[in-house]
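Below are the chains, spelled out letter by letter.
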Amino acid sequence: MTEQTGMAGGRPPILQRNKLRWSLVLTLLLVALNLVAFNMLMARRTGLRLDLTQEGLYSITPATQRLLASLDDDVLIHGYFSRRTHPKLAPLVPQIEDLLAEYAALSGGRVKYEILDPNNDEMAEQVANDRFGVNSTPFRLASKYETGIVNAYFALVIQRGDQYERYGFDDLIEVERLPDGDADVHLRNLEYDLTRAIKKVVYGFNSTADLFARVEEPVRLIAIMTPDSLPEILSQVPEALRTAAQELEEKGGDKFEYEEIDPSDEILQAEVARMYGAGPMSLGIFSEGTFYLYGFLQVGDRVEQLNLVVEDITSGALREAIESALRRQAPGFLKTVGIVAPSSGLPPEIMAQLQMQGRMPQQPPPEFQQVKQYLGRDYQVTDVELETPDGVPSVVDVLLVIKPKNLSERALYNLDQYLMRGGRVILCASRFETTLAGGQLQVLPIQTGLEDWLASFGIDLRDTMVLDDRNQPLPIPEVRRTVLGNIRTWTLKPYPYLVEVRDDGLVNPQVTARLNAVGIYWGSPLVIDEEKTTDLEVMEILRSSQRSWTSSNLMATRSAEYEVPPADETEPHLLAVALGGRFKSFFAEKGAPRADVRMPPEGEEFVPPRAEVPLTMSPETRLVVVGNAAFISDLVGSLLSQAGGGFFAENLAFVENLIDWTTLDNDLVSIRARGAGTRRLERLDPGSVMVVEGANYVLPALVLLALGGYRFWKRRHTIPVVAVAATSRAGTRRSRES
Amino acid sequence: MNRIRAVAGRELRAYFNSPIAYIFLLAFAGAALLMFFNSFFSRGVADLRGLFDAVPLLMVLLVPALTMRLWAEEDKQGTLEILMTLPARPAELVAGKFLASWALLGVGLLLTLGLPITVASLGHLDWGPVLGGYLGAMLLGGAYLAIGQFISATTENQILAFIMALVICLAFYGVGAEAFAGLFSDTTAAILRGLGTASRFRSIARGVVDLRDLIYYLSLTGFFLAASVGALRARRWA
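Going line by line, the protein sequences match chains A and B.
Each residue of the first sequence is one higher than the one before, counting from 1 in our numbering.
Each residue of the second sequence is one higher than the one before, counting from 1 in our numbering.
The following block holds chain A by itself, in its conformation from the complex (with noise of 0.2 Å):
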């Protein structure tokens, strides 16, 4: 403000204060002009913040930055998004905008966006809808001038080359029933699902040629064998190899090197024993003789082992492998996860059958299809088989077994072997699976066929159920007579077969990592043989409360009613351990269990099946149990789901970040599952919430009471107010002279 001048003394005469008053009126509307310029100057500026949550939710992760200065290709964002929209949605455009500068920037200007409005642009509409299979969204719009259905573009496309991701509006949003009956839209977790598409396009299908040109360390593939004294059936493997090798010289140059080693003499069958753990094999049970037959690649400081012990064994084939495990090796690739799930309901051969007879019969709803459409977003998911002859296919980097129950020996042996090649297991068992039949919970003991070969690795799956007093409730249909008639509604009972396993009971951080929480339901506890585990590590992921108990009593499953064993009974049990290290296996001794001889049809030639030595000692690798398959199963999950409870969210996340662990790939789970929405509370008993909420009332009133009260006092104890009046103003007075 301008000091004005002329108005210390009296009053100014009439003409005189009504210049004044226009001067003051123009000078403030100037000050507010000024200050609206700033404002908006200001607006452009992004960047100037402070973020002060814990995680860092609105800044962007060390993970992401590290991917955006890598990039050596351009990435381009395409943002469609139309300005008449749902009122909703219109606030986080900004959002998205201010996080895709934020990429540009970081990203050294390999990262480009453009934000288009297809309603108002024929040629990006063509282009959004023709090329990248994007389409508006109808919502219902009510505003002052209209109300009715507008159709409106919400997606991003994450383009380079010809690689492309896209997300429409439903992957972007989160939607949050407030109690009030409004609902609260926010972005999900928006750098999360930005980092993971640029991740994809940029790593996600790369060439052989582009794949060396990724991997930092020199690759070397290690041959260990005795070309002399191969078996008849494998006396070809030697020559396929070679060829292998020299393709793969040809495209890594100085980064590839291969070598053969023949370990004819001891000195050497010692030196190959310790560093590879590669001893003889058998020819057979009626020879003496033995043979070496093995592959190993090491890429830096890690080795994968390669399946030569394969009858008609081609130089592509090994190849592809040998690929495969570089591309796992490589830091960013897109992983492939196998799953071995059980198949809903009948045989498609029966099916088909039965459809021919005009039979219509009612398929089961697939059981974990949901875990596979998660984890299809950030992987290849394939479904792999364990009952076939011919093994795990080379190019799963992670097997997720889900589920087994009554594996067969074949499938056991298929299993074992895919370990010992130096694959990651992560498998979700439980001695128990779970039905809703008739809108009736059933729990049933089923075997898995794999208690004897965990126990081999020194972990027992055991056959009873983990109760614990933290726990998640229920919902519990129940029909409530009114006046109106009857409501059906849902009643939350604890139930302590739902275990909530959250604090100190999320034992390792690196899997776990941002997670608030993770329901393990109806689980097997397990329990470590340390005899048998003194040659590998030992790595607890999940524990359930100090106040937890386990019971194998299946009619007590049917209520929710529950009492706490004393506390010398109660004890937390282990949910899921990982192994690390070098596996030997269980067929080491047993031998493949024999193929099936099937006889041909008619007029084809006997094929015999084909002879297999198992791999007896695998390579640094992982093994996660789970004793539970319940958690991720979607029948579970829209059932707890019901009454908004549940972590199938967050148990999905757990499941991903245990495959990123496994495949020692942490960056994404740091950004994963970041948000408010999984931070939730501990569980109240309607007593203890009287009690919460009260003292929370009482509190301040006491302290409002504590404050009049003292003024009051002092009111009484001092000169009357007339007089602290005239002091203060003896006071003023003072001051003025000093």
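Any given hint might turn out to be false.
[Claimed, not checked] Just a sample of chain B residues kept apart from chain A, beta carbon distances all over 10 Å, derived:
| hint | residue |
| --- | --- |
| 1 | L25 |
| 2 | A29 |
| 3 | L58 |
| 4 | L61 |
| 5 | E74 |
| 6 | D126 |
| 7 | G132 |
| 8 | E156 |
| 9 | I159 |
| 10 | V167 |
| 11 | I168 |
| 12 | L170 |
| 13 | A171 |
| 14 | V175 |
[Said to hold, decoys possible] Derived DMTMM-like pairs: lysine to aspartate or glutamate, alpha-carbon spacing no greater than 25 Å straight-line:
| hint | chain 1 | residue 1 | chain 2 | residue 2 |
| --- | --- | --- | --- | --- |
| 15 | A | K19 | B | E156 |
| 16 | A | K19 | B | E81 |
| 17 | A | K251 | A | E239 |
| 18 | A | K532 | A | E589 |
| 19 | A | K714 | B | E11 |
| 20 | A | K88 | A | D51 |
| 21 | A | K251 | A | E217 |
| 22 | A | K405 | A | D634 |
| 23 | A | K532 | A | E620 |
These aren't lab readings, by the way, just hints derived from the structure by calculation.
Yeah, the Cβ is synthetic: ideal placement off N, Cα and C, and Gly gets one too.
Starting from the known structure of chain A, arrange chain B on it as the hints suggest.
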């Protein structure tokens, strides 16, 4: 500075020697707590959302009640003349009164501090948004107090001062709210959102202190305090 402090001290004493401060604090803390617990246990999320969702509207309703008497009361009691003859300049008087009312608002917010402590004991509370929420509440409250003081300085009628302040605060609150801004499309909505106090507050309350939001609140507060000074001077000429 000394004179500002003296004015602020006198105002604060006046607040606490009358029932005004207690009624204000009781209404503010009580309403805030009620609205917080309304949804807290049913949502089951460890944050202070219920509180900070309620704060902007609470401020709109209660701040005008606090500011309506700031100058109008002096007028009624005839103390305005005395104040004006004091050696303190109008700017110092305005600043002193502003600081006193701001401090009272701060005490009101302090009374809700039991909530974050409760939440932190029941789950993992992220203190960042809590800090942001309280900072935002102080900034928002400051802006409303400045608006209220300006209105109070322009009229002798307390009721009028209350209603006018309520309307203007409500306008600033509502202009950026989705229910209103959403009615407009295109860039208008974006501008309205930028003008609204509530939308800015929400941005700070999620735990992000953006320089742009700080500048916005400081401009708003500064402008209305300057306008109050101007209004006082204009009164002197009357």
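Outcome of the hint check:
1. L25: violated, 6 Å
2. A29: violated, 5 Å
3. L58: holds, 14 Å
4. L61: Nearest chain A Cβ is 18 Å from L61(B), so the label holds.
5. E74: It holds; E74(B) is separated from chain A by about 13 Å at its closest Cβ, greater than 10 Å.
6. D126: Violated, since 4 Å does not exceed 10 Å.
7. G132: violated, 5 Å
8. E156: The claim holds: E156(B) sits with its nearest Cβ about 17 Å from chain A, beyond 10 Å.
9. I159: Given a closest Cβ separation of 25 Å, the condition holds.
10. V167: Check passes; 19 Å lies beyond 10 Å.
11. I168: Correct as stated: the minimum Cβ-Cβ distance to chain A is 14 Å, above 10 Å.
12. L170: holds, 18 Å
13. A171: At about 15 Å from chain A, A171(B) clears the 10 Å cut-off, so the statement holds.
14. V175: holds, 14 Å
15. K19(A) x E156(B): The given pair, whose Cα atoms are some 23 Å apart, holds under the 25 Å limit.
16. K19(A) x E81(B): holds, 23 Å
17. K251(A) x E239(A): The hint holds at about 19 Å.
18. K532(A) x E589(A): Holds, because 16 Å separates the two Cα atoms, which is no more than 25 Å.
19. K714(A) x E11(B): Distance of about 17 Å is within 25 Å: holds.
20. K88(A) x D51(A): holds, 24 Å
21. K251(A) x E217(A): Satisfied, since the Cα-Cα distance of roughly 15 Å is no more than 25 Å.
22. K405(A) x D634(A): holds, 18 Å
23. K532(A) x E620(A): holds, 17 Å
Hints 1, 2, 6, 7, counting from the list given before, are not met by this structure.
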